[in-house]
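A.B. asks: Chains A and B, in that order, are what the protein sequence lines are.
Residue numbering for the first sequence follows my numbering, beginning at 1211 and increasing consecutively.
Residue numbering for the second sequence follows my numbering, beginning at 992 and increasing consecutively.
It cannot be assumed that every hint is accurate.
Think about it this way: if two alpha-carbon atoms lie no more than 27 Å apart in a straight line, the pair counts; the simulated DSSO-like pairs of lysine-lysine are [what the hints assert, rightly or not]:
| # | chain 1 | residue 1 | chain 2 | residue 2 |
| --- | --- | --- | --- | --- |
| 1 | B | K1085 | A | K1272 |
| 2 | B | K1085 | B | K1047 |
| 3 | B | K1047 | B | K1094 |
| 4 | B | K1094 | A | K1221 |
| 5 | A | K1221 | B | K1033 |
| 6 | B | K1058 | A | K1288 |
| 7 | B | K993 | B | K1085 |
| 8 | A | K1221 | A | K1281 |
| 9 | A | K1288 | A | K1272 |
| 10 | B | K1033 | B | K1094 |
| 11 | B | K1033 | A | K1288 |
| 12 | B | K1033 | A | K1225 |
| 13 | B | K1047 | A | K1272 |
| 14 | B | K993 | A | K1272 |
| 15 | B | K1058 | B | K1033 |
| 16 | A | K1225 | A | K1281 |
FYI, nobody ran anything at the bench for these hints, they're computed from the structure.
These are the residues of each chain, in order.
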Amino acid sequence: EAEVAQSPRYKITEKSQAVAFWCDPISGHATLYWYRQILGQGPELLVQFQDESVVDDSQLPKDRFSAERLKGVDSTLKIQPAELGDSAMYLCASSSHGGGPEAFFGQGTRLTVV
Amino acid sequence: QKEVEQNSGPLSVPEGAIASLNCTYSDRGSQSFFWYRQYSGKSPELIMSIYSNGDKEDGRFTAQLNKASQYVSLLIRDSQPSDSATYLCAVNGKAGTALIFGKGTTLSVSS
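Isolated chain B, as found in the complex (with noise of 0.2 Å):
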């Protein structure tokens, strides 16, 4: 069974601060890696896609992967309350099937 495993939170960081969402997968073959946020009753919005290992950043997100550790991050730099969301680890493994998510975690951000 591939799974995704994620830390449930709530993470709580206080407005201005740095967030840091993990996440590990357990198939060595995923290829392709992405971070969804969720606020609550609404559905899931891509925010970050990351292929190779290294870091990805855009704005105040960055995306880090470390294949060898099976191991993918998302840091949230100045964190605002509107920044308070669910987000979802997901990673797709050989090409054309379908993302694996996991639970998500839950930031807050206290303003």
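For reference, chain A alone in the conformation it holds in the complex (with noise of 0.2 Å):
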């Protein structure tokens, strides 16, 4: 069954590090998506990609957040530096480009910062 995958799965991190999360969506999905879930809330949207483009990172925190897609299939978001109000799990998901809207998630990855 296709998927998306990411990795890692948990990371634990010191504030001021910088840290990486990486995403390959479903196979032939042109559009990819980082979201972040603070525990207790539902996910809210860092980055929207179709292909390599970024269509909306209006919620990105650019000062220390960056996200690319270069070849327009597998995605790394990063976080430089961290902190600690950044623990959340950071989710990435993908939906078929003129196929329906429905984003398929992948499992995710804890991130604590301490």
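Starting from the two chains in their separate frames, assemble the complex, guided by the hints.
C.D. replies: In structure tokens, the structure reads:
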């Protein structure tokens, strides 16, 4: 069964360190999303890609967060420097361009900043 | 600010009962509506989608949409303990935009 792959599953990092997350969407899915979910809240969009182009990064804290999808396939989300408030689940999702807008999520990366 | 509102719960129902989860949204131009189930510590899993007014049934799940009232609901019939999870309502505005999620309703089904 096709699925969105994310790594790592868990990450503990110290405040002010750099951290990176990787996502490989379902094959053929042109749209890729990074969401952040704080415990007890719903997922909130950080960035949306259509192929290799950023469609929406209005909620991405650009002073410390960056995202790229260089070849329009897999993607990396980076935080530098990490802050205590960045502790959350980072979710990657993908959807099929031209198909339904349903988004399918990967297993997520649980980030803890100490 | 486009919003999706859900009661956070917890909603507690006995095994075999009907669970009713509700969601309202602020963007009248919203076109697509989804329910995701999220078990504790896991990622959201798509369980229902609905695009037009009325009911859509899939097994024990029924999604209901009323665009005039900007209201979406999910009914779970014959609730099972395995249905205990957080249910996220998600709404999509114009084509090509990302889903906006509510905070989720926690459902607890007791045996």
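A.B. asks: Now look at each hint and say whether the structure bears it out.
C.D. replies: Structure-based check of each hint:
1. Note on K1085(B) and K1272(A): the hinted pairing holds, with a Cα-Cα distance of about 25 Å set against a maximum of 27 Å.
2. Taking the CA atoms of K1085(B) and K1047(B), the gap is about 21 Å. The hint holds against a cut of 27 Å.
3. Under the criterion of a C-alpha separation no larger than 27 Å, the hint pairing K1047(B) with K1094(B) is consistent with the structure, at around 23 Å.
4. Taken as a hint, the K1094(B) and K1221(A) pair is honoured in the structure, with Cα atoms around 24 Å apart against an allowance of 27 Å.
5. This hinted pair checks out: K1221(A) and K1033(B) have alpha carbons roughly 15 Å apart, not beyond 27 Å.
6. Proposed proximity of K1058(B) and K1288(A) is contradicted: the alpha carbons are some 39 Å apart, above 27 Å.
7. Taking the CA atoms of K993(B) and K1085(B), the gap is near 12 Å; set against the 27 Å cutoff, the hint holds.
8. Of the supplied pair hints, the one linking K1221(A) and K1281(A) holds, its CA atoms being roughly 25 Å apart against a limit of 27 Å.
9. Restraint check for K1288(A) and K1272(A): the C-alpha separation of about 10 Å stays at or below 27 Å, so the hint holds.
10. Taking the CA atoms of K1033(B) and K1094(B), the gap is near 15 Å; set against the 27 Å cutoff, the hint holds.
11. The hinted pair formed by K1033(B) and K1288(A) meets the criterion: a straight-line CA distance of about 22 Å does not exceed 27 Å.
12. A C-alpha spacing of about 25 Å is found between K1033(B) and K1225(A), which places the hinted pair at or below 27 Å, so the restraint holds.
13. For the hint linking K1047(B) to K1272(A), the alpha-carbon distance of about 41 Å lies beyond 27 Å, and the restraint is violated.
14. Only pairs whose Cα atoms come within 27 Å are accepted, and K993(B) paired with K1272(A) is accepted, the gap being roughly 22 Å.
15. Among the hinted pairs, K1058(B) with K1033(B) is inconsistent with the structure: their alpha-carbon atoms are about 31 Å apart, more than 27 Å.
16. For a cut-off of 27 Å, the pair hint linking K1225(A) to K1281(A) is broken: about 31 Å separates their Cα positions.
Of the hints listed earlier, those the structure fails to meet are numbers 6, 13, 15 and 16, in rising order.
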